[in-house]
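There are 2 protein chains.
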Amino acid sequence: MRATVIHAPHDIRVEEVPDAAIQRPEDAVVRVLRACICGSDLWAYRGEAQRQPGQRIGHEFLGVVEETGSAVSGLKAGDLVVAPFMWSDGTCDYCSEGLYTSCVHGGFWGSVGFDGGQGEAVRVPHADGTLVKLPAAAASDDHLLTGLLALSDVMGTGHHAALGAGVRAGSTVAVVGDGAVGLCGVLAAKRLGAERIIALGRHSARTDIAKLFGATDVVAERGEAAEAAVRELTGGQGAHAVIEAVGTEQSMRTAVNITRDGGAIGYVGVPHGSGTGLDLGVMFDRNISLRGGVAPVRAYIPELLEDVLSGAIDPAPVFDRAVSLDEVPDGYRAMDDRSALKVLIKP
Amino acid sequence: MRATVIHAPHDIRVEEVPDAAIQRPEDAVVRVLRACICGSDLWAYRGEAQRQPGQRIGHEFLGVVEETGSAVSGLKAGDLVVAPFMWSDGTCDYCSEGLYTSCVHGGFWGSVGFDGGQGEAVRVPHADGTLVKLPAAAASDDHLLTGLLALSDVMGTGHHAALGAGVRAGSTVAVVGDGAVGLCGVLAAKRLGAERIIALGRHSARTDIAKLFGATDVVAERGEAAEAAVRELTGGQGAHAVIEAVGTEQSMRTAVNITRDGGAIGYVGVPHGSGTGLDLGVMFDRNISLRGGVAPVRAYIPELLEDVLSGAIDPAPVFDRAVSLDEVPDGYRAMDDRSALKVLIKP
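Chains A and B, in that order, are what the protein sequence lines are. For the first sequence, the UniProt record's numbering gives the first residue as 1, with consecutive numbering after it. For the second sequence, the UniProt record's numbering gives the first residue as 1, with consecutive numbering after it.
These are calculated hints, taken from the structure and not from any lab test. Misleading hints may appear alongside valid ones.
Stated by the list, open to error - With beta-carbon atoms standing in for the labels, derived distance ranges: (1) A/249 with B/285: 13 to 21 Å; (2) B/48 with A/282: 13 to 21 Å; (3) B/232 with A/312: 43 to 51 Å.
Predicted model only: the values in this text are computed from it and were never measured. All C-beta atoms, glycine included, are put in the ideal place defined by N, C-alpha and C.
Full structure from sequences and hints, please.
Here is the structure:
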């Protein structure tokens with residue numbers, strides 16, 4: 001089969017690789033219908049996260065079950081399924097509590113020896129615990145399929161950030177980061193009943209989606225000017241709930257400085273310097289909480305799925321470009337130079 | 001009147017100062033019956049927190065109202081009262097939400113131009129919003145008075161840490177820090193229904209109090225050995241709720257490393273390097289939350305007072321030495337060399 005392989009920073013290729021195949025009784029093989037490129041894939045693409053040459057890549061996909069191992073009981077060939085960005089057994093202590101990302105048998109797509117999502121098919125370990133079935137009819141609805149793909153990562157991650165930030169009905173929320181996760185954070189905050197949602201971003205193509213998703217205000221300034229603008233919008237106090245969806249020192253510094261005393265930062269940007277942006281002295285004096293981390297999206301898929309199916313939320317607009325599998329390297333370049341927000345892959 | 005003055009690191013003197021007096025209509029003057037020395041006073045004593053030469057010091061006291069300003073309506077001369085470690089107006093947005101430490105008119109005892117608690121009397125700004133009345137009968141109960149004094153800081157701060165750590169009925173809690181705040185954290189965790197409380201500490205005089213307060217296990221090791229011991233006690237997982245009551249790089253590092261995935265650190269140790277001990281990458285991967293900061297103890301006094309009066313909790317044992325006002329410099333030396341845990345002052 002063909003799949004995306006990362007050989008070195010900026011060297012992404014689509015190549016012939018061994019076919020995905022059942023290796024253990026808990027496995028399933030999923031033929032990929034839709035995959036995509038994540039902002040976090042860019043850390044590897046840019047060489048800021050280490051990868052072994054030849055590792056596979058991509059952690060968001062949905063598709064059709066092609067084959068199941070002998071121990072798989074909840075899935076069968078032909079089922080339309082979506083995969084969260086990590087696999088998990090669904091039964092350990094952590095999974096039982098909904099913290100699927102800490103599963104004792106969990107792992108990441110594209111780890112050495114495992115298939116990535118940006119390919120024709122994927123071997124899925126612990127298929128029963130990992131995959132979530134989708135209505136078969138969705139397979140023929142291109143727009144719906146795109147929205148459902150967001151459940152594999154960005155929508156659930158935005159939801160995790162909103163929960164971490166303590167968003168509830170009536171909240172004032174600020175969102176740092178205008179990538180797909182930040183935008184899904186806006187959508188998640190709106191879904192949780194936020195009254196005011198301030199999106200920080202300079203690119204109108206992105207802030208227009210933020211507005212579509214429920215942002216009531218857009219702050220185009222950066223750094224201290226952005227902080228001043230958010231304070232101005234919030235009676236000088238800052239936002240009670242702040243979503244940090246970037247992971248850099250600057251983004252975390254901004255997040256801390258726009259959080260209202262007693263408020264919380266829900267952080268989901270993979271830390272790349274953000275620890276340095278965390279001024280614990282300021283957070284201490286102002287009782288600012290920090291909650292978040294790698295999102296256990298598997299826990300959120302059922303409730304978010306319901307809302308995507310009903311049309312209550314539609315995360316599809318975060319995908320602003322579609323490519324074939326062979327065009328995946330172009331997709332990386334487009335996301336790297338920010339000419340694309342999030343690239344959909346149709347293998 | 002006489003009061004404690006800090007002239008330079010390690011230069012604490014008890015001197016004649018201007019009498020505490022009403023300056024604004026919202027003021028009260030409180031004659032101090034009991035005060036004490038806080039672990040956080042040692043940061044100033046050691047020169048690690050800056051003070052102007054001649055500043056007053058001490059932020060924990062209870063006493064009798066001697067005089068009230070014309071705008072004070074809830075207090076009268078003769079009332080027995082306890083003061084939280086900051087004053088607050090009781091009416092601003094933040095106070096209304098219980099976040100008294102962010103009061104727009106709030107301040108710290110011993111700030112330049114203000115009395116400290118370690119003296120004969122204190123001018124209390126915003127007396128109505130700040131002071132909490134105690135039953136008059138307590139004035140003649142020496143042990144009870146000592147327990148009530150803990151409400152001015154350490155008991156409320158321990159409670160804040162326990163709330164931040166998410167302690168609830170059945171929780172497994174670990175407490176980093178064997179000072180008075182850490183020990184009150186043990187007591188607060190027990191009060192909130194924690195099932196297992198692991199106290200980290202090497203000094204039996206302190207760990208004995210921890211056991212008295214409800215600790216079920218004591219870990220005497222430090223650093224990585226302490227982390228291993230806590231993991232051993234918790235089936236390899238760590239504690240769901242961790243109280244960080246020190247504020248150093250090492251204490252925060254320990255706190256992060258003994259927190260169970262998905263758990264929370266309630267931090268109340270004034271940050272002196274603890275930001276550096278916070279490994280955001282580890283916290284992200286394991287979904288560890290950080291909540292806490294300067295404790296709004298004014299919010300907690302009513303409920304904790306009830307439990308101290310009923311005998312349900314008794315924080316008095318954290319005071320292991322009593323001095324007169326003139327002996328306060330000896331008290332600082334004793335706490336600095338850790339020969340005393342917490343020094344009570346009877347002016």
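Outcome of the hint check:
For the pair residue 249 of chain A and residue 285 of chain B, the supplied restraint of 13 to 21 Å holds, since their beta-carbon distance comes to about 19 Å. Range check, residue 48 of chain B to residue 282 of chain A: about 18 Å between beta-carbon atoms, so the 13 to 21 Å window is met. For residue 232 of chain B and residue 312 of chain A, the hinted distance range of 43 to 51 Å is satisfied, since their beta carbons lie about 47 Å from each other.
Hint compliance for this structure: no hint is broken.
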